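Here's the letter readout for the chains.
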Amino acid sequence: MSQEDLPEFGEPEFLGWYLLKSLKNQSDDQISRSKFLKLCCIADRRLIDTHDYGCGLPRYWYMYGELANEHEFAGKFYNAPRAIGWDGQQYIPKEIDPDNFELSDEGFELILKAVAWTVDEFGRSTVEEIKEHQYQEHADNEFIRTYSELRWLLSTIDLGRQERLDNYNTRGESNEAYLKRQLDEMMDAYPDDGERYGDMKRLYLRWDDTVRLMIDQGVEYSRIAEFLDDFIRVLSKVVLRFEDNQHISEERLIEWKEDAADAKATFASDIRAIRSDGLRDRARSTELDRVSAGYTDSISDQIEQLLSE
Amino acid sequence: MGEAAFLDTGVVLGVCFRDDTHHRRCQQYLDKHAGPLLISDHVEDEYLNREPSLAEEIADGVFTHIDRLQRSSYEGQLDSMDTSQIRQELISGSNPASATLTAFYKGSLPNFILFTDIISRLRDLARDIEQTAIEKRTALLNQVEIWEREAAYSDIDDQIGAIPWDDRRICLDAHDVATVKAELVELATTNPTDLVDNGYRELIVEKTAIEDVVSVAKGSKV
Numbered sequence: 001m002s003q004e005d006l007p008e009f010g011e012p013e014f015l016g017w018y019l020l021k022s023l024k025n026q027s028d029d030q031i032s033r034s035k036f037l038k039l040c041c042i043a044d045r046r047l048i049d050t051h052d053y054g055c056g057l058p059r060y061w062y063m064y065g066e067l068a069n070e071h072e073f074a075g076k077f078y079n080a081p082r083a084i085g086w087d088g089q090q091y092i093p094k095e096i097d098p099d100n101f102e103l104s105d106e107g108f109e110l111i112l113k114a115v116a117w118t119v120d121e122f123g124r125s126t127v128e129e130i131k132e133h134q135y136q137e138h139a140d141n142e143f144i145r146t147y148s149e150l151r152w153l154l155s156t157i158d159l160g161r162q163e164r165l166d167n168y169n170t171r172g173e174s175n176e177a178y179l180k181r182q183l184d185e186m187m188d189a190y191p192d193d194g195e196r197y198g199d200m201k202r203l204y205l206r207w208d209d210t211v212r213l214m215i216d217q218g219v220e221y222s223r224i225a226e227f228l229d230d231f232i233r234v235l236s237k238v239v240l241r242f243e244d245n246q247h248i249s250e251e252r253l254i255e256w257k258e259d260a261a262d263a264k265a266t267f268a269s270d271i272r273a274i275r276s277d278g279l280r281d282r283a284r285s286t287e288l289d290r291v292s293a294g295y296t297d298s299i300s301d302q303i304e305q306l307l308s309e
Numbered sequence: 001m002g003e004a005a006f007l008d009t010g011v012v013l014g015v016c017f018r019d020d021t022h023h024r025r026c027q028q029y030l031d032k033h034a035g036p037l038l039i040s041d042h043v044e045d046e047y048l049n050r051e052p053s054l055a056e057e058i059a060d061g062v063f064t065h066i067d068r069l070q071r072s073s074y075e076g077q078l079d080s081m082d083t084s085q086i087r088q089e090l091i092s093g094s095n096p097a098s099a100t101l102t103a104f105y106k107g108s109l110p111n112f113i114l115f116t117d118i119i120s121r122l123r124d125l126a127r128d129i130e131q132t133a134i135e136k137r138t139a140l141l142n143q144v145e146i147w148e149r150e151a152a153y154s155d156i157d158d159q160i161g162a163i164p165w166d167d168r169r170i171c172l173d174a175h176d177v178a179t180v181k182a183e184l185v186e187l188a189t190t191n192p193t194d195l196v197d198n199g200y201r202e203l204i205v206e207k208t209a210i211e212d213v214v215s216v217a218k219g220s221k222v
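Protein sequences, first through last, are from chains W and Z.
Numbering-wise, the first sequence is residues 1 to 309 according to my numbering.
Numbering-wise, the second sequence is residues 1 to 222 according to my numbering.
Just to be clear, a hint being listed does not mean it is correct.
[Stated by the list, open to error] Below, simulated EDC-like cross-link-like pairs (lysine to aspartate or glutamate); rule was C-alpha separation at most 16 Å, straight line: (1) Lys201/W - Asp117/Z; (2) Lys35/W - Glu173/W; (3) Lys180/W - Asp117/Z; (4) Lys136/Z - Asp281/W.
If you are wondering where the hints come from, they were derived from the structure by calculation, not from laboratory data.
Being a predicted model, the structure only gives us computed values, none of them experimental.
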């Protein structure tokens, strides 16, 4: 691409481009997409929090951390060929004259500082370490921190071998009791306010009980970790990226809204299938038999309502 | 008893969801019936495959109550005063499981119980509710043939027009089975008011190919 063909790059693109350049200067290691998009956010937060300057970087919370939305960049200031050694892309900055970026003098100077700090602090960190920093420092609420802690914990063990969890505290409790206590903490922290969290509550409580059922049935931790990821992915699509974002275009928000409805419906049906499998293998208790009359009243109301629809 | 039995919506729902005399009568009817059992495709679509299922809604009500309990100040060992207070204060009237939860606190708890045991038993209750519904639904679907009617039978529809549409539609479905399969068909219903009483049974038997209409509702002879 000749310099004349370049799109109108602004400050967000400069932040991203200069970040890639600086990371490459620091080390010749491949830069993953995830690392790049997360470090953009950390640099942008540094710019705002320390230098009180906003460059307009589009970013949003997704699962266990914050990501820049690369689709909102004015154009590609990087190449992203297939990575060597892992399944994904590596990000390489294009050769661009800095004069091709539309920048204020102040913006130029502060972005250089924020990026330099970011690369010093996190350039050699793994994506997992960067995620941990993000959810500990920048999560919107305690619920996000709690589920991220649980995921972090699950990622630190040999999931395939079902080895003992590396409990953060030593109460001498079983893995099962520990996992359930983490789930209790999540339940305590689930935000009560906000329409979006309210809309997800039913699915969340259903997911929560299904995880507990899986724990009771000795399902492998790797499967529980996947199921946690599945829930957090849907929560991100339905709630988090709407609740915690900046500089996202109206067009993108509309796309997200459509995606959210699909993701929620698909997940509801996935939970039903997973739960049905678990319930099929379960020995029934006597609790329903003890409340048979009350249950019949409940179900009769439901049936009447259904028949009158 | 006819060769084939066509089950109306109430029988299907009774077998799958209820847990009472009504359910037992419907189940007893199915167990005693020697011939094939059939249900309409629209009953399967609208009720059996309904999302979310009725049982799920009630289980969700139990989960909502667990959530309220977890956020309450109750902990440790509870006595009957505590559980009575929980019943009065923490079961919302709009909760679809309110009658079930009230029965849980009124009838099935000891005088002293650990808070964690209550939560654990409530989870068992929610799981029992869903598990039972899944098992009953699966068992029913293994027993029945789903019937899809193609003909409209407008003339018969007119002749039995006094019967409400939902019930009439089932009559036409059952009539279709009798016609297409050339079998004797009995229509089983939990709604005698609209299909048996007031001369409706005679009307149906006269105007359609249905052999008989039997009520399996409470108070009827099966």
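The hints, checked one at a time:
1. Simply put, Lys201/W and Asp117/Z have alpha-carbon atoms about 24 Å apart, too far for the 16 Å limit, and the pair is violated.
2. The straight-line distance between the Cα atoms of Lys35/W and Glu173/W is roughly 36 Å, outside the 16 Å bound, and the hint therefore fails.
3. Restraint check: the Cα-Cα separation between Lys180/W and Asp117/Z comes to about 14 Å, which is no more than 16 Å; the hinted pair holds.
4. Using a Cα cut-off of 16 Å, the hinted pair Lys136/Z and Asp281/W holds, with the two alpha carbons roughly 15 Å apart.
Comparing the model with each earlier hint shows violations of hints 1 and 2; every other hint is respected.
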